[in-house]
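Asker: One line per chain: the protein sequences are A and B, in this order. To convert, take the position in the first sequence, counting from 1, and add 97; that gives the numbering used here. To convert, take the position in the second sequence, counting from 1, and add 561; that gives the numbering used here.
Simulated from the structure, these hints should not be mistaken for laboratory data. For glycine and all other residues, C-beta sits at the position ideal for the given N, C-alpha and C. Please note: incorrect hints may appear among the correct ones.
Unchecked claim - Distance ranges between label pairs, derived from CB positions:
(1) B:SER676 x A:TRP174: 34 to 44 Å
(2) B:ASP650 x A:HIS104: 32 to 42 Å
(3) B:LYS601 x A:HIS104: 37 to 47 Å
(4) A:GLU195 x B:THR762: 47 to 57 Å
(5) B:VAL831 x A:TRP233: 22 to 32 Å
(6) B:PRO858 x A:ARG294: 49 to 59 Å
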Amino acid sequence: MKKILHHRRSWMIVPAHDPKLADTIAQYKPDVVVLDLEYSVAPKYKEQARANLVKTVSTIATDDIEIFVRIDKASRWADVDAAMHRGLTGIIFCGVDEESEITEIDALINTKEKERGIDPGHIELVIILESAKGFWNLSEILQASPRLSAVGVGRIDLTMQLGPVPQDEFRLFRYLMTRTLVAGKMHGKQLLGAMWRPDSRGGVANQESTKLAAQQAKLMGYTGCICATPEQVNPMNLGFLP
Amino acid sequence: MITTPENKNKRSSINSNNPMPKYIRRSILALSIDDPILEKKSFDSWADAIILDFSKKSHCNWQQDILSRMPSAIAIAAKGDAEIFIRIDNDFAISELEATVFPGIAGIILKGAHSAADIQRVSSALDSLELSRGILANSIEIDIEVNNAACTWNLLEIARSSARVGIFLLNEQELCANLGIQTQASLPFDPLEYIKSELITVATSIGGQAVGMSYPLSLATDSIDAETLRKGILRARDTGFKGAVCPHPDWINLCNSGFRPSEEEANYYVKVIEVFAEGIKRGMASVPIDGKMIDVPVDLRAKVYLEWAKRAKARDAEKHQAHQKP
Chain A
98 MKKILHHRRS
108 WMIVPAHDPK
118 LADTIAQYKP
128 DVVVLDLEYS
138 VAPKYKEQAR
148 ANLVKTVSTI
158 ATDDIEIFVR
168 IDKASRWADV
178 DAAMHRGLTG
188 IIFCGVDEES
198 EITEIDALIN
208 TKEKERGIDP
218 GHIELVIILE
228 SAKGFWNLSE
238 ILQASPRLSA
248 VGVGRIDLTM
258 QLGPVPQDEF
268 RLFRYLMTRT
278 LVAGKMHGKQ
288 LLGAMWRPDS
298 RGGVANQEST
308 KLAAQQAKLM
318 GYTGCICATP
328 EQVNPMNLGF
338 LP
Chain B
562 MITTPENKNK
572 RSSINSNNPM
582 PKYIRRSILA
592 LSIDDPILEK
602 KSFDSWADAI
612 ILDFSKKSHC
622 NWQQDILSRM
632 PSAIAIAAKG
642 DAEIFIRIDN
652 DFAISELEAT
662 VFPGIAGIIL
672 KGAHSAADIQ
682 RVSSALDSLE
692 LSRGILANSI
702 EIDIEVNNAA
712 CTWNLLEIAR
722 SSARVGIFLL
732 NEQELCANLG
742 IQTQASLPFD
752 PLEYIKSELI
762 TVATSIGGQA
772 VGMSYPLSLA
782 TDSIDAETLR
792 KGILRARDTG
802 FKGAVCPHPD
812 WINLCNSGFR
822 PSEEEANYYV
832 KVIEVFAEGI
842 KRGMASVPID
852 GKMIDVPVDL
862 RAKVYLEWAK
872 RAKARDAEKH
882 QAHQKP
């Protein structure tokens, strides 16, 4: 099992095909750079984003930056193939429903590590939960691969699936955060998520709300979160400051 | 097989589908058998239940040491008619049970369990000890002190793992530490709200009950004024907890009076039962009282609350009687 790295507070998402991503990283200095192959890349740019990954990773990789690639569940095989190169720290897999999906992706990563000369077991796997099924199978999922180092709560997709109408606070979301915390701690994983409010959440949250969401999540045992925008990096770093 | 009246615990005879609380354990106080004034502290506390803790001396055979002192500690701690429990560390459960299980205890509090297998292992050990020490078979409860993530995750399996499982005690300080939750009680919500909900539901589902306190008192380490504590106990009771582990003896009286229906509530429910019975006689399915609609579920709740109040009163009478003894 990998050591939990508590300094990974801000996980900044940047589209993997973004020509300015090096500048964005230099400007915002996140703890973790997440090169995205999922939502932030329009379908017509997916192929280009995959093709550029080798060069992108080698360009931005430094001792100070950890690089993860967020893969698209629907095209995960091609995405993992494109992402697996020296300089990569791990893969982020969103929307996991069951253990077998982790076993499968773990085997694929194993193969690619051998092919690409990467130390066996070096590539980490981070999962973001986005479905009721995933939450229910969480303990089994977290035991499916020793690469699995962190687990996060994916609010948007989850809200869409479960369908609560946000009122004063996301009570259902808080329940899921608690459930994830218990399972994550039971299996020694880092917890990713923030205590967002319905009127100030995710991509629309301002810096103050983001910091508060991070601070409250920290009090709840969470130590980092995905940043939907680069502007959230600094408040996340401050909010999750140990 | 010897049946000893001393180790009968104060449980209700009604089955698990009945919403009546199974035990009257409103206040639980932990004391050490090494305490030179254990007898006085136990007797003066008026706690419904006492947990006996012990320390293992390094300079001697700890098992022999505890074995020789535990029976008298149990007897003196029980003089005020508190139910007696021994706290056992899951990691050393078998050797600790050997040294501590004697007639007179109602059960053991198993701390640090992770899974159903832990409970089954302890239950098997108790089977043997009951047989060898003349204790009624299957009479010693296993109560679970919830203090870690695995125990929380596996609650239902743990609850169903043995018929001995009775109550669940939430150790919030340790659970928060285990989960990485800050314990300064500075969140605007209870970080353990959903864990508490699950704990109460699971415990009730097996006919047991949950013991705990409402946030933020559950994490409080400073002294608390009586009014704040009274309100916190009421919140805990109305969440579904049936008692609390008292960090200080000052809590005990308030827990004894708070984890039960109040006189005012009891009077109201007497009226509910009377008015509803009259309505039924007149062929009605529901009747109004003070603008509220009373029907079958409300009538049932009234009966449960009155029975609960009656049993709490009876428990107090038992303790008073014990305190009258010379």
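Asker: For the hint 22 to 32 Å, verify it against the beta carbon of VAL831 (chain B) and that of TRP233 (chain A).
Answerer: Given about 45 Å between the Cβ atoms, the range is violated.
Asker: Has the hinted range 34 to 44 Å been met by the Cβ atoms of SER676 (chain B) and TRP174 (chain A)?
Answerer: 36 Å, holds
Asker: Is 32 to 42 Å a correct range for the gap between the Cβ atoms of ASP650 (chain B) and HIS104 (chain A)?
Answerer: Because 34 Å falls inside the window, the suggested range holds.
Asker: Mind checking the hinted window 49 to 59 Å against the Cβ distance between PRO858 (chain B) and ARG294 (chain A)?
Answerer: The hinted range 49 to 59 Å is violated for PRO858 (chain B) and ARG294 (chain A), with Cβ atoms some 36 Å apart.
Asker: Take a look at whether the Cβ-Cβ distance between LYS601 (chain B) and HIS104 (chain A) falls inside 37 to 47 Å.
Answerer: 52 Å, violated
Asker: Given a hinted range of 47 to 57 Å, is it respected by the beta-carbon distance of GLU195 (chain A) and THR762 (chain B)?
Answerer: Violated: the Cβ-Cβ distance is about 25 Å, outside 47 to 57 Å.
Of the numbered hints stated above, those contradicted by the structure are hints 3, 4, 5, 6, listed in ascending order.
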